[in-house]
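A.B. asks: Given next are the chains, with one letter for each unit.
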Amino acid sequence: MEKDSSKRKPDPVRMQALRNLPHEVKQTLTKEEVDAFLYEDVYPDSLKEKLKDYILED
Amino acid sequence: MASADVYLDRIDFLRYLRKTDCAECGIASCKEFINALRKGTKRPQDCPFLNKNETYAFEVSLKISEQWPEVSLLVHPRPSMVGLVELNKPDSKTLVLISGNNEYTEQVLMTVLGTTISPFYAVFVDTDGSTVDMAMIYQTLTAERIYRALKETGIHENSDRKELIIPGFASPLREKIEILTGWKVITGPICAAELPLFLSEIWIPPEEQG
Chain G
44 MEKDSSKRKP DPVRMQALRN LPHEVKQTLT KEEVDAFLYE DVYPDSLKEK LKDYILED
Chain E
182 MASADVYLDR IDFLRYLRKT DCAECGIASC KEFINALRKG TKRPQDCPFL NKNETYAFEV
242 SLKISEQWPE VSLLVHPRPS MVGLVELNKP DSKTLVLISG NNEYTEQVLM TVLGTTISPF
302 YAVFVDTDGS TVDMAMIYQT LTAERIYRAL KETGIHENSD RKELIIPGFA SPLREKIEIL
362 TGWKVITGPI CAAELPLFLS EIWIPPEEQG
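Line by line, the protein sequences are chains G and E. Each residue of the first sequence is one higher than the last, beginning at 44 in our numbering. Each residue of the second sequence is one higher than the last, beginning at 182 in our numbering.
Extracted from the complex, chain E is given alone in its bound form (with noise of 0.2 Å):
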């Protein structure tokens, strides 16, 4: 079966590090350290540079792939639900994710979120199935329905922190949104496995629990 993209090789990593090309890891540049990682002959904890949190993030980043399911090159839409799912007790200070209400892209951002204690809501927007990719394709992921999503699930009125995270993707969508909802609109990663190093200063690991 020929696999659907999920975007892995747009992770940006060389982003995440210092580039100080300082060699203490043992390889003369951050972005031969970086095809090290990819490669698994170096760890993320051989850069002195990086704390827990972004060391975490960049194990998560780099192995999340293998717990997502495999989805075919050529799928039809699957629509999943639609709303609001609360992770780990958020409150009105909470950040708000958006993605699309494909079942595929449900499974991935869920598996992504799983690796963290960190608060979130996340909004499943009515895409019609569509995978955000998709959906920027054929306009069914609009700031209107982004904005229709945040009305419906409540977090509209409930959120004082008022800040979102679009996919990548949807970053044409950006400035519509801000103006439609009046909330600050930050455009995320392409690829939902970089979410941890994007949000690592708040990617906070399950053992450090309790």
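Only chain G is shown next, with the shape it has when bound in the complex (with noise of 0.2 Å):
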């Protein structure tokens, strides 16, 4: 079942970095991922492999 994630406030700094993506990584991502990005801790693989370029490891 999809979450709504109407009621909730993303995080800004998220949001963020969410609009600074490249447009052409934006365009490939689904609502579950953009969820996963502004609302969960972790995130599933397919986001992962998506911004594999753009994540830093610790």
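Hints listed in this document are in silico derivations from the structure and should not be mistaken for laboratory results. Honestly, I wouldn't trust all of these hints.
[What the hints assert, rightly or not] In silico DSBU-like cross-links for lysine-lysine, where the CA-CA straight-line distance does not exceed 30 Å:
1. G:52 with E:223
2. E:212 with E:233
3. G:93 with E:274
4. G:52 with G:93
5. G:52 with E:220
6. G:74 with E:200
7. G:95 with E:233
[Claimed, not checked] Examples of chain G residues toward chain E, derived with CB under 7 Å:
8. 62
9. 66
10. 69
11. 70
12. 74
13. 77
[Claimed, not checked] Calculated from the model, a selection of chain G residues having no Cβ within reach of chain E, i.e. all distances over 10 Å:
14. 83
15. 85
16. 86
17. 87
18. 88
19. 94
20. 96
21. 98
22. 99
No residue lacks a Cβ here, since even glycine has one placed at the ideal position from N, Cα and C.
Join the two chains, each given in its own frame, into one complex according to the hints.
C.D. replies: Below you can see the structure in the form of structure tokens.
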């Protein structure tokens, strides 16, 4: 079932990071991946793969 | 002439956005962005998250009704062809779309399907000429009639995919169709203009051909 994220307020830092992603990356993100980016601590594998060039390892 | 409701206001455009309210389009919320799309003050391309197919699907869904025939509010059933229409060289893996054999319904659906090069089977079930909404009221669109149409067109035996989309108004029939046919049944949108959005992953624009 689709999670309703409409009532949640995203972290402004995450929102800015999302906005700063290249256009060609943003166009590949599904609704679920965008929700995970904005609200979740653990990213699904599909999102990790799409962001692999932009994620810094600890 | 009073026009029949073609349910354009039932298209849930917001459902097909990421709903981030990121404001990159220059508008504060995705909901307001949809209003701007409807008014024509924004274009689908203004949303940074819509890919090429989705952008095209939005364009089609927003504009396709301009090509539809005007349908009078009070109209008798207008029976048209019953049976199978093959679009863009479908094969045994192709999705099947179900509709009724009303003349206007067929024109509307074929206009929408004409905006993609993706293959489809369209099965026009004998609804005694009623549009889908009225056929549900008159009970002339039934699981039994859909099953019979699948059998009579040969698609029931020839499809390996065994998956079909019924119009949104026919959603009460979904379970019974699945039991009768053994197929997976997806409830599609109420308005045919929403189909490109509903199927945006496979709604390939014509210019990509060749």
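A.B. asks: All hints are to be evaluated individually against the structure, with a verdict given for each.
C.D. replies: Going through the hints against the structure:
For the proposed pair residue 52 of chain G and residue 223 of chain E, the alpha carbon gap of about 25 Å is at most 30 Å, so the pair holds. At roughly 21 Å between alpha-carbon atoms, residue 212 of chain E and residue 233 of chain E fall within 30 Å of each other, so this suggested pair holds. The suggested pairing of residue 93 of chain G with residue 274 of chain E holds, with an alpha-carbon distance near 29 Å, which does not exceed 30 Å. Taking the CA atoms of residue 52 of chain G and residue 93 of chain G, the gap is about 24 Å. The hint holds against a cut of 30 Å.
Proposed proximity of residue 52 of chain G and residue 220 of chain E is supported: the alpha carbons are some 28 Å apart, at most 30 Å. Under the criterion of a C-alpha separation no larger than 30 Å, the hint pairing residue 74 of chain G with residue 200 of chain E is consistent with the structure, at around 8 Å. With a C-alpha separation of about 23 Å, the suggested pair residue 95 of chain G and residue 233 of chain E falls inside the 30 Å cut-off, and the hint holds. Taken as an interface hint, residue 62 of chain G checks out: its beta carbon lies about 6 Å from the nearest beta carbon of chain E, inside 7 Å.
Because the beta carbon of residue 66 of chain G sits about 6 Å from the nearest beta carbon in chain E, less than 7 Å, this interface hint is met. Contact between residue 69 of chain G and chain E, as hinted, is supported at the beta carbon level, the nearest pair being about 5 Å apart and thus within 7 Å. With a least beta-carbon distance of about 4 Å to chain E, the hint placing residue 70 of chain G at the interface is held under the 7 Å criterion. A distance limit of 7 Å between C-beta atoms decides the matter here; for residue 74 of chain G the minimum to chain E is near 5 Å, and the interface restraint holds.
A distance limit of 7 Å between C-beta atoms decides the matter here; for residue 77 of chain G the minimum to chain E is near 4 Å, and the interface restraint holds. At roughly 14 Å, the least C-beta separation between residue 83 of chain G and chain E is larger than 10 Å, which holds for a residue marked as non-interface. The beta carbon of residue 85 of chain G is kept farther than 10 Å from every beta carbon of chain E, the shortest such distance being approximately 19 Å. Separation of residue 86 of chain G from chain E is adequate, the least Cβ-Cβ distance of about 16 Å exceeding the 10 Å criterion.
The claim that residue 87 of chain G lies off the interface holds: its Cβ sits roughly 15 Å from the closest Cβ of chain E, which is beyond the 10 Å cut-off. For residue 88 of chain G, the shortest C-beta to C-beta distance to chain E comes to about 19 Å, beyond the 10 Å cut-off, and the non-interface label holds. Every C-beta of chain E lies more than 10 Å from that of residue 94 of chain G, the closest at about 14 Å, which supports listing it as non-interface. For residue 96 of chain G, the shortest C-beta to C-beta distance to chain E comes to about 18 Å, beyond the 10 Å cut-off, and the non-interface label holds.
Every CB of chain E lies more than 10 Å from the CB of residue 98 of chain G, the least distance being 19 Å, so the non-interface label holds. Non-interface call for residue 99 of chain G relative to chain E: holds, since the shortest CB-CB distance, roughly 22 Å, exceeds 10 Å.
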